[in-house]
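Participant: The primary structure of each chain is shown beneath.
Protein chains: 2
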Amino acid sequence: MTYCVAIKVNEGLVMAADTRTAAGVDDVRTYNKMHTFEFPGDRVFVVLSAGNLATTQHVLAQAQRDLNDPTATVNLRTVRHMFDAADYLGQLSVRAQKQVTQQLQGQYSSLNVETTLILGGQIQGEEPAIYLIYPVGNCIAASPETPFLQIGEIKYGKPILDRFVRPHVTLEDAARCALVSLDSTMRSNISVGPPVDLAFLPRDALKVKHSLRLDLDTPYYSQLKETWARQLENAVRSLPKFEWELQPQLPLQAQTQSQQPQAQAQMGVQTQQNGLNAAAQMQFGSGNNGNNGSGGQSY
Amino acid sequence: MTYCVAIKVNEGLVMAADTRTAAGVDDVRTYNKMHTFEFPGDRVFVVLSAGNLATTQHVLAQAQRDLNDPTATVNLRTVRHMFDAADYLGQLSVRAQKQVTQQLQGQYSSLNVETTLILGGQIQGEEPAIYLIYPVGNCIAASPETPFLQIGEIKYGKPILDRFVRPHVTLEDAARCALVSLDSTMRSNISVGPPVDLAFLPRDALKVKHSLRLDLDTPYYSQLKETWARQLENAVRSLPKFEWELQPQLPLQAQTQSQQPQAQAQMGVQTQQNGLNAAAQMQFGSGNNGNNGSGGQSY
Chain A
929 MTYCVAIKVN EGLVMAADTR TAAGVDDVRT YNKMHTFEFP GDRVFVVLSA GNLATTQHVL
989 AQAQRDLNDP TATVNLRTVR HMFDAADYLG QLSVRAQKQV TQQLQGQYSS LNVETTLILG
1049 GQIQGEEPAI YLIYPVGNCI AASPETPFLQ IGEIKYGKPI LDRFVRPHVT LEDAARCALV
1109 SLDSTMRSNI SVGPPVDLAF LPRDALKVKH SLRLDLDTPY YSQLKETWAR QLENAVRSLP
1169 KFEWELQPQL PLQAQTQSQQ PQAQAQMGVQ TQQNGLNAAA QMQFGSGNNG NNGSGGQSY
Chain B
929 MTYCVAIKVN EGLVMAADTR TAAGVDDVRT YNKMHTFEFP GDRVFVVLSA GNLATTQHVL
989 AQAQRDLNDP TATVNLRTVR HMFDAADYLG QLSVRAQKQV TQQLQGQYSS LNVETTLILG
1049 GQIQGEEPAI YLIYPVGNCI AASPETPFLQ IGEIKYGKPI LDRFVRPHVT LEDAARCALV
1109 SLDSTMRSNI SVGPPVDLAF LPRDALKVKH SLRLDLDTPY YSQLKETWAR QLENAVRSLP
1169 KFEWELQPQL PLQAQTQSQQ PQAQAQMGVQ TQQNGLNAAA QMQFGSGNNG NNGSGGQSY
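First to last, the sequence lines map onto chains A and B. Heads up, this note's numbering is the position in the first sequence plus 928, with the first residue counted as 1. Heads up, this note's numbering is the position in the second sequence plus 928, with the first residue counted as 1.
Here chain A stands alone, though its shape is the one from the complex (with noise of 0.2 Å):
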């Protein structure tokens, strides 16, 4: 399996693949899953797989053959749109698979040869994008609500995506995003693994700014993950209490208790209430000061 995510903001493209690469549970490897066609000053492209890692080389073979063949028809340098791009690739994606589907004669059919691709890059005069590149070939840009391509397993680094990802975020903003995206995938999916590749590309700077490998042991990536368990977990304790933590009734052992200890403890559970309340009623905000009784939502 595989985790991919790429954003693109105002400031430009945000780039992050995992490296893990699995045949089975018994044969794990790491792989380099991001892919950069550098033109410092003219163009860049970086590319995310997700699927058949054979069809993925081939792929980026013959996409660095035909950069190199002054007889190719089109490739990479001489594309005249970001879409031309991603539509090229498609092609070489589906004549790879079909070449091995050819070899195979029908034997195997469970193999799956298929590859999805994301393609994120700049040409110049042209803006910034991201192309989903679907294994049949076809493809999908981001769109501007949301501004985000995944492929691979998606599901468990979306839901973070999905609630902060917007175009004004900066940069470096999306990029922890994918971070974190990319940590809970990682934490869900033994299979999506470490170490993290990221990669800045600025909107007309036109190359890869920054390229980051950031391991387990990274200090930024360590410290990074640690903050984030560390927020997540103040966030969750600052979520509003339900009523009857806003009015907790006296526990009925004090109650069976005889008249001076029963005052006592009363008064000592009061206290204790009173503290609770005061700060639960902080979080729970104004307006539902009316609301705290048994009933309410309670059905």
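Quick caveat, the hints were computed from the structure, so don't treat them as lab data. A virtual CB, placed ideally from N, CA and C, is assigned to each residue, including glycine. One should not assume that every hint holds.
[Stated by the list, open to error] Label pairs and their in silico Cβ distance ranges:
| hint | chain 1 | residue 1 | chain 2 | residue 2 | range |
| --- | --- | --- | --- | --- | --- |
| 1 | A | Thr999 | B | Glu1042 | 52 to 58 Å |
| 2 | A | Ala989 | B | Lys1026 | 39 to 45 Å |
| 3 | A | Arg1158 | B | Asn960 | 35 to 41 Å |
| 4 | A | Gln985 | B | Gln985 | 47 to 53 Å |
| 5 | A | Thr999 | B | Ser1038 | 57 to 63 Å |
| 6 | B | Pro1095 | A | Gln1019 | 52 to 58 Å |
| 7 | B | Tyr1036 | A | Tyr959 | 50 to 56 Å |
| 8 | B | Gln1019 | A | Gln1019 | 50 to 56 Å |
| 9 | B | Glu1161 | A | Lys1137 | 24 to 30 Å |
| 10 | B | Asn1040 | A | Asn938 | 22 to 28 Å |
| 11 | A | Ile1118 | B | Glu1042 | 25 to 31 Å |
Since the structure of chain A is provided, determine the placement of chain B on it from the hints.
Facilitator: Showing chain B alone in chain A's frame:
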């Protein structure tokens, strides 16, 4: 689609479910997926369901019929252990599926009549327990390391549970976490939808102590959603800065200006940088001060 989650903490059980049922996007309805069998003071069961609605209703109807049948060899009132209750429901589920499949006689082979259940509850003298009952009738309990079970669209809402839910967490914090988990899922998958049902089964209460139905316009739920969105945004913004954010370079433009404005511009920028630097370094923590230059984690 559906999303249900059951959490077991030291204080007891929390059960939560969405209410959206869909037979295609053009046939969406609201159905209760949380079903309670309560024998206060003796035993309590809450069943959550995902999958074929007819199969689920068949299982529940049969369980109810067995309760009213004095000749029934086993029912929810007579089972001795929580495992036996889970096993009993699993058998009812298999029987319901078999009946439909036999009636079909090979027709509608694409029809999926499976249902997956979660049983949560407690029998007097036993520990509270949660079981996930698979369509084939067998079941698993939650583990102390991962004290929750999910059915349906489980991935979007899993990271927050993975990070936060531990046995020592309070019942109310576990419930808030379940609500966040449901909310994240509903944002990412429209086939999971409000209102949300939430049940509290404190240890040894042997009944459902609180039962809430929360819709988008329920004040508590809308406040929880708003608080969570704000807290999450703060959490992302408090993550450690990248090295180049800690030592930002002067903008090139300032350097091309004449001597006097350049000095002013630089001072202005410098002040701003120092402010950013101080705040950023605080978040970056100690021990990284020697690592702010270029290089470092870049490759």
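Participant: Against each hint, give a clear statement of whether it holds in the structure.
Facilitator: Structure-based check of each hint:
no., hint, in the structure
1, A:Thr999 with B:Glu1042: 52 to 58 Å, "holds, 56 Å"
2, A:Ala989 with B:Lys1026: 39 to 45 Å, "violated, 53 Å"
3, A:Arg1158 with B:Asn960: 35 to 41 Å, "holds, 37 Å"
4, A:Gln985 with B:Gln985: 47 to 53 Å, "holds, 51 Å"
5, A:Thr999 with B:Ser1038: 57 to 63 Å, "violated, 49 Å"
6, B:Pro1095 with A:Gln1019: 52 to 58 Å, "holds, 54 Å"
7, B:Tyr1036 with A:Tyr959: 50 to 56 Å, "violated, 43 Å"
8, B:Gln1019 with A:Gln1019: 50 to 56 Å, "holds, 54 Å"
9, B:Glu1161 with A:Lys1137: 24 to 30 Å, "holds, 25 Å"
10, B:Asn1040 with A:Asn938: 22 to 28 Å, "violated, 44 Å"
11, A:Ile1118 with B:Glu1042: 25 to 31 Å, "holds, 26 Å"
Checked against the numbered hints listed earlier, the structure breaks hints 2, 5, 7 and 10; every other hint is satisfied.
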